[in-house]
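Colleague: The opening position of the sequence shown corresponds to residue 126 in our numbering, with each subsequent residue numbered one higher.
Treat the hints with care, as some may be off.
To be verified - When the alpha-carbon atoms are kept at most 20 Å apart in a straight line, the in silico SDA-like pairs for lysine to any residue are as follows:
id : residue 1 : residue 2
1  : 559       : 546
2  : 589       : 533
3  : 559       : 534
4  : 383       : 237
5  : 206       : 414
6  : 206       : 140
7  : 559       : 548
8  : 559       : 542
9  : 383       : 160
10 : 559       : 622
11 : 559       : 586
12 : 383       : 366
13 : 206       : 421
14 : 171       : 270
15 : 589       : 621
16 : 589       : 535
17 : 171       : 206
18 : 171       : 234
19 : 171       : 538
20 : 589       : 157
21 : 559       : 592
22 : 559       : 587
What the hints assert, rightly or not - Label pairs and their calculated CB-CB ranges:
id : residue 1 : residue 2 : range
23 : 554       : 304       : 44 to 54 Å
24 : 164       : 347       : 21 to 31 Å
25 : 301       : 240       : 25 to 35 Å
26 : 322       : 372       : 41 to 51 Å
27 : 323       : 539       : 21 to 31 Å
28 : 343       : 548       : 46 to 56 Å
29 : 625       : 265       : 31 to 41 Å
30 : 301       : 636       : 56 to 66 Å
31 : 625       : 229       : 49 to 59 Å
32 : 635       : 205       : 42 to 52 Å
Keep in mind that the hints were calculated from the coordinates and are not lab data. The C-beta atom is built at its ideal place from N, Cα and C for all residues, glycine as well.
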Amino acid sequence: MSTTTTAATGRERYWVPGDWNAFFGFGTNILVNVLVLTGLLRFVLKMPDSLVFGRILPALGLMLFLSTVYYAWLAYRLAQKTGRTDVCALPSGTSVPHMFVVTFVVMLPILLRTNDPIQAWEAGLTWVFVQSFVLMAGGFIAPVIRRITPRAALLGSLAGISITFISMRPGLLVFETPLIGLVCFAIILANWFGGVRYFQDVPGGLIAIAAGTLIAWGSNLFGLGYGGLSVGSVGDAFSHFGFSFPIPAVGHVFSGFKFIGVILVTAIPFGIYDLVEAMDNVESAAAAGDSFPTTQVLTADGVISLIGCLLGNPFINAVYIGHPGWKAMGGRIGYSAATGVMVLVLTWLGIVALVSSLIPVVAILPILLYIGMLIGSQAFQETPRSHAPAIILAMIPQIAAWGKTMIDGALGAAGTNAATVGFDRLGNTGVLYKGLATLGGGATLAGIILGAVTVFIIERQLEKAAWFALAGSILTFFGLIHAEDLGVGQSPLVALSYLGIAVMLYCFARFAHVSPAAIESHGHGGMSEQPAE
């Protein structure tokens with residue numbers, strides 16, 4: 126059935142056949158994140174199951190339910206306002222980068238210092254509390270930033286995230302278990318890109334997960350153990366069944382303020398990161414045809430995250446990268462709300478542990494690869510051809526940040542760090558650690574600044590380029606980009622370099638003879654064809 130029926134047909138506005146594809150794709154994406162953060166809580170932070178399954182996950186489930194239903198309502202309102210039936214709701218959920226930041230940068234150090242997982246949990250709650258207010262305040266300035274910033278800069282920085290932090294880990298895990306990962310990936314590509322229809326139009330995402338699960342359990346018959354599933358883990362999972370309703374944790378939130386010194390170092394810059402990333406994702410949705418009010422989106426993220434932390438959830442909510450992907454596969458309004466209901470049921474009834482014991486994660490990861498492919502492509506498809514160099518430059522800080530993360534993880538596993546090994550020794554082997562740290566600091570915002578300067582140079586709008594370079598100097602001086610910590614005088618040479626560029630570009634704009642920019646058509650065409658419904 127087509128998704129282009131008129132608004133008067135009623136039911137189609139809430140749910141269309143393409144919502145099944147998006148529901149299984151987005152729902153499994155959310156499920157993967159819930160399973161990952163559950164593992165972080167239980168096995169990294171050593172939190173008791175009573176806290177994880179009895180308090181944190183129910184609060185998380187309510188937060189995700191409120192978020193997905195709200196964005197479904199925004200999409201419904203946009204459809205009513207425009208008379209269109211192809212409006213797709215913004216995807217939202219637990220912020221994946223922040224999931225690891227709050228675990229390893231905030232809660233784990235507190236756990237190691239106090240040997241008390243409860244105090245670590247409280248520090249995480251306070252971290253989200255602070256970030257929520259940064260988001261709410263930032264929601265009122267984001268529309269201005271979005272209006273003056275070139276689309277290539279916003280989407281280019283987003284493409285950097287999609288290639289590194291969204292796609293690389295799933296890609297690596299797919300090739301670690303290729304018999305499951307590659308087969309599932311091929312099933313998804315054939316359906317969502319190739320138009321292949323499966324039995325009775327069963328969604329490709331569901332077929333892929335079923336095939337991966339079958340291969341994983343079948344491999345156990347031959348002692349191969351692909352996917353890491355076992356009958357024993359399924360039996361253990363039943364012990365977590367039971368109804369758990371989120372209860373207020375206000376006292377725990379304020380108890381965490383005793384760690385405010387540790388918390389502020391990351392809460393403010395990552396709050397700004399959330400602000401910029403959400404703005405990027407709203408721009409991505411607009412490029413795909415759905416324009417949502419930036420202030421309402423960011424304010425909602427802050428309010429919903431605040432509700433979640435006051436009920437015991439130490440993970441922040443965020444608008445997700447990927448709207449064009451879910452729209453391309455037929456998602457409209459219903460997939461978002463249905464995902465929220467699913468998560469509410471899984472977390473309130475203690476089913477998460479059972480799901481994680483039945484389905485191999487590697488069968489779900491190809492969906493994230495697909496989303497990464499679409500977002501990376503969108504940066505080039507929805508901007509003028511001449512802006513392609515700016516997109517590449519906007520991606521590079523994310524690649525640097527990802528590379529530094531990999532190096533830090535490897536050295537940490539060996540019980541050391543870059544400073545102990547020595548920056549010169551690393552440099553002699555081709556690992557330019559200081560360069561990675563500086564270029565990758567505040568990568569999302571840094572990518573936008575670099576991309577914007579380049580776009581305006583390409584367009585011969587040198588005075589605008591100068592203003593963005595000046596903004597880069599100020600942001601660098603206070604440690605918001607090209608630095609690892611907030612503070613006055615961070616990365617002074619980089620700040621001075623940006624300032625010099627700003628002065629140079631301004632002088633060029635005023636006094637130099639500049640040839641006009643070439644006129645060209647916009648973009649390379651639209652997004653890929655949506656799959657058959």
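Colleague: Taking each numbered hint in turn, which are not upheld by the structure, reported in ascending numerical order?
Modeller: Checked against the structure, the hints that fail are numbers 2, 9, 11, 12, 14, 16, 17, 20, 21, 22, 23, 27 and 31, while the rest are satisfied.
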